[in-house]
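Trainee: Residue numbers (the numbering used here), protein chains in the order written: chain A, 73 to 159; chain B, 3 to 251.
No wet-lab data here; the hints were simulated from the structure. Heads up, some of the hints might be wrong.
Pulled a few chain A residues facing chain B out of the computed Cβ check, cut under 7 Å [to be verified]:
#1 M133
#2 A138
#3 T143
#4 I145
#5 I152
#6 I154
Ranges between beta-carbon positions, derived for each pair [unchecked claim]:
#7 T131(A) - T207(B): 37 to 45 Å
#8 M153(B) - V157(A): 28 to 36 Å
#9 F14(B) - M103(A): 42 to 50 Å
#10 T207(B) - I95(A): 47 to 55 Å
#11 G98(A) - F14(B): 36 to 44 Å
#12 K51(B) - T131(A): 47 to 55 Å
Note that CB positions come from ideal geometry on N, CA and C, so glycine has one too.
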Amino acid sequence: MLVDLVRTLADVGTGLLAIGAGIAIGVGGGMSGIGEGNICSKGVEGIARNPEAEGKIRTGMILGCALDETTGIYSLLIAILIIFVLA
Amino acid sequence: MNEELLPSQQIFGLHGEIIISLVIVFIIFIFSLIIFIKLKKADPLAKPKGILHLAEIGVEAIDNLVKGQMGWRFKNMGGYFLAIALFIFLSFIFGLTGLPSPMSYYMVPFTMALFTFILIHFNRAKYRKWGYFHAFIEPFAPFLPINLLSMWAPIISLSFRMFCNSLAGWAIMSIIYSALQSVSASIFAFLPAGLNTIFIAPFVTSWLHLYFDLFSSVIQTLVFIMLSMIFIAQEGPGDEEPAAVKAQA
């Protein structure tokens, strides 16, 4: 039984890499989601207060969401690099 | 970068993405040539019809966008931004064919961001002449190292946005394609090995292509040109249009 446990633990390097990739995408995507939620909530609130400015508010909202998405995608790239290059 | 990470192979010494980007430039050239030939034969006082009408709508839209974002001093930059926007849009759309798009080879988006970098510094030198160096110690002198580092931030953020969107989209789509091929092979195992992988993937990945290729390309094009416009317009003096210039237009 101990031999089986050692055999499972011998792969701890790959396991740590997998945890690293998971944390990278989890934290990166989570923070990006929080930021985009804030952007959209303020945007919808602005449209509700002033429905005539809908075009400009929507343009600003999409620009802000794209900028926020960038950091989430940086972390996705790091996770993909960890999985495909290091392991 | 590791050679196996790049999506494409080398053909005659060039990567596949470089060849495809040259093909896209050629397509834009042929399109512009057709519009030019029709323009030469058209009557300037009559209403435009067909493709000339579309071309006029496009040019007017980009001119209004440039003039609204950048002010009156940069109002002739619409041509540059339309060319860049068409190239970036068609490069991203190419991912619909299933091949990796030209933006997944880092040199292509890096070159686009390098154009913006050169334009920023050229305009700063043009509008301030020797005051170009004073920009490094604004707003006060201890900001010098911060300004030296943030000089490179536009290149990296602009290029990485397009590169990572394209490469990550390609990687996710290739994982989903191979997963759905395995599912299809296990369901249709009674067919021979070449034929049993093609049944499930098209129904699912077409919706994903809609997000990764069409939606992403429109957003990335708009974000690139609007950020470039904002960065370049910051280097101008930002003054109001004098009445003499306004009267000429």
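Trainee: Decide, hint by hint, whether the structure agrees.
Mentor: Consistency of the hints with the structure:
With a cut of 7 Å, the hint placing M133(A) at the interface with chain B is violated, because the nearest CB-to-CB distance is about 12 Å. Nearest Cβ of chain B to the Cβ of A138(A): about 4 Å, under the 7 Å cut. The hint holds. Interface hint status for T143(A): violated, as the beta-carbon distance to the closest one in chain B is roughly 9 Å, over 7 Å. Satisfaction of the interface hint for I145(A) is found here, the shortest Cβ-Cβ separation to chain B being roughly 4 Å, below the 7 Å cut-off.
The closest approach between the C-beta of I152(A) and any C-beta of chain B is roughly 5 Å, which is under the 7 Å cut-off, so the hint is satisfied. For I154(A), the interface hint is violated, the least distance from its beta-carbon to any beta-carbon of chain B being 12 Å, above 7 Å. In this structure the supplied range 37 to 45 Å is violated for T131(A) paired with T207(B), their Cβ-Cβ distance being about 30 Å. Between M153(B) and V157(A) the Cβ separation comes to about 30 Å, which falls inside the hinted range of 28 to 36 Å.
Checked against the given bound of 42 to 50 Å, the beta carbons of F14(B) and M103(A), roughly 44 Å apart, stay inside it. Evaluation of the 47 to 55 Å hint for T207(B) and I95(A) yields a failure: the beta carbon distance comes to about 29 Å. In this structure, G98(A) and F14(B) meet the distance hint of 36 to 44 Å, their C-beta atoms being roughly 43 Å apart. Hint check: K51(B) to T131(A), Cβ distance near 31 Å, so the stated range 47 to 55 Å is violated.
Against the hints set out earlier in the document, violations occur for numbers 1, 3, 6, 7, 10, 12.
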